[in-house]
Amino acid sequence: KAGVTQTPRYLIKTRGQQVTLSCSPISGHRSVSWYQQTPGQGLQFLFEYFSETQRNKGNFPGRFSGRQFSNSRSEMNVSTLELGDSALYLCASSTTGTSGNTIYFGEGSWLTVV
Amino acid sequence: QKEVEQDPGPLSVPEGAIVSLNCTYSNSAFQYFMWYRQYSRKGPELLMYTYSSGNKEDGRFTAQVDKSSKYISLFIRDSQPSDSATYLCAMSFSGGGADGLTFGKGTHLIIQP
Numbered sequence: 001k002a003g004v005t006q007t008p009r010y011l012i013k014t015r016g017q018q019v020t021l022s023c024s025p026i027s028g029h030r031s032v033s034w035y036q037q038t039p040g041q042g043l044q045f046l047f048e049y050f051s052e053t054q055r056n057k058g059n060f061p062g063r064f065s066g067r068q069f070s071n072s073r074s075e076m077n078v079s080t081l082e083l084g085d086s087a088l089y090l091c092a093s094s095t096t097g098t099s100g101n102t103i104y105f106g107e108g109s110w111l112t113v114v
Numbered sequence: 001q002k003e004v005e006q007d008p009g010p011l012s013v014p015e016g017a018i019v020s021l022n023c024t025y026s027n028s029a030f031q032y033f034m035w036y037r038q039y040s041r042k043g044p045e046l047l048m049y050t051y052s053s054g055n056k057e058d059g060r061f062t063a064q065v066d067k068s069s070k071y072i073s074l075f076i077r078d079s080q081p082s083d084s085a086t087y088l089c090a091m092s093f094s095g096g097g098a099d100g101l102t103f104g105k106g107t108h109l110i111i112q113p
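So the sequence lines, in the order shown, correspond to chains A and B. One point on numbering: in this note's numbering, the residue at position 6 of the first sequence is 6, and numbering is uninterrupted. One point on numbering: in this note's numbering, the residue at position 12 of the second sequence is 12, and numbering is uninterrupted.
So that you can see chain A by itself, here it is in the shape it has in the complex (with noise of 0.2 Å):
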C-alpha cells in the first residue's frame, strides 16, 4: 500500500512568490491535514480537510490556506513568501481524523525562500 506522497520534495522560491505543495493521501484515507516543521518551532498544526472541508486550522495567518479535491488529495498553498516559512511542510493522512485514527505522514516537502 502507498504511503503520503508529496510534491515537489525541494523547491526555492524568492519572497513575495507564492508556492503551491500538494499531497496525495494512503488510498482510503479522507482526512489530510499540514504541518509546518522548523527548527526553532517544532511541528506546528497548519489545517485539517475531511471531504473537502476545512474542519480546523492552527495559528497561522492567512497566507496559508488549502484545499481538498474530490479524491482526498489535498494542496497547501502560501502567498507573499517571507523568509520565515523557510520549512519541512508536512502532509499526514488518516481515515476519518476521528477518535482512534491512526495518523500517518508523508517524507515532505522542503521550502526554501531566499
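Each hint should be verified, as a subset may be incorrect.
The calculated EDC-like cross-link candidates involving lysine to aspartate or glutamate, where the alpha carbons are at most 16 Å apart (straight line), are [to be verified]: (1) A:Lys-57 <-> B:Glu-15; (2) A:Lys-57 <-> A:Glu-75; (3) A:Lys-13 <-> A:Glu-82; (4) B:Lys-67 <-> B:Glu-15; (5) B:Lys-42 <-> A:Glu-75; (6) B:Lys-70 <-> B:Glu-3.
In case anyone wonders, no lab produced these hints; they're calculated from the structure.
Take the given structure of chain A and dock chain B to it, following the hints.
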C-alpha cells in the same frame, strides 16, 4: 509554559542499552498519545499510539502514559545504531487528527556502536 515539553538532547547511549525518552504536558484534555521517529530529512514515522493512561508494548518499544502526572514515556530495549534519530512525542484531544496533533520539539537520540 509550552503545552508539551521534551528534552531536545542529544541523548547518547551505547548500543544495547535501554533508552528512556519522556515528555510532559500541561493540558489535561489530551487523551491520545503518540511517539514518532524522524530520521534526518525524512517525514515522521509512527512508532506507538496509545489512548489514556497505561502501558503498551510493541517489540522493543514500550510506551507509558501517566495522565495523573501529565507524563509520557517511550522505552527502547536493546537499542541499535539504526535507532539513532529524533523522537517526537505528540498528543491530541480526539486522536484522529481532525483537531491537530500537538508535538514536543523532539529528542535527538544517538546510539553508539
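Hint check results:
1. A:Lys-57 <-> B:Glu-15: Given that 16 Å is the threshold and the Cα spacing comes to 42 Å, the pair is violated.
2. A:Lys-57 <-> A:Glu-75: Answer holds: A:Lys-57 to A:Glu-75 is near 15 Å, not above 16 Å.
3. A:Lys-13 <-> A:Glu-82: This hinted pair holds, its Cα atoms lying about 10 Å apart.
4. B:Lys-67 <-> B:Glu-15: violated, 31 Å
5. B:Lys-42 <-> A:Glu-75: violated, 20 Å
6. B:Lys-70 <-> B:Glu-3: Roughly 11 Å separates the two Cα atoms, so the pair holds.
In the structure shown, a violation is registered for the earlier hints numbered 1, 4 and 5, in ascending order.
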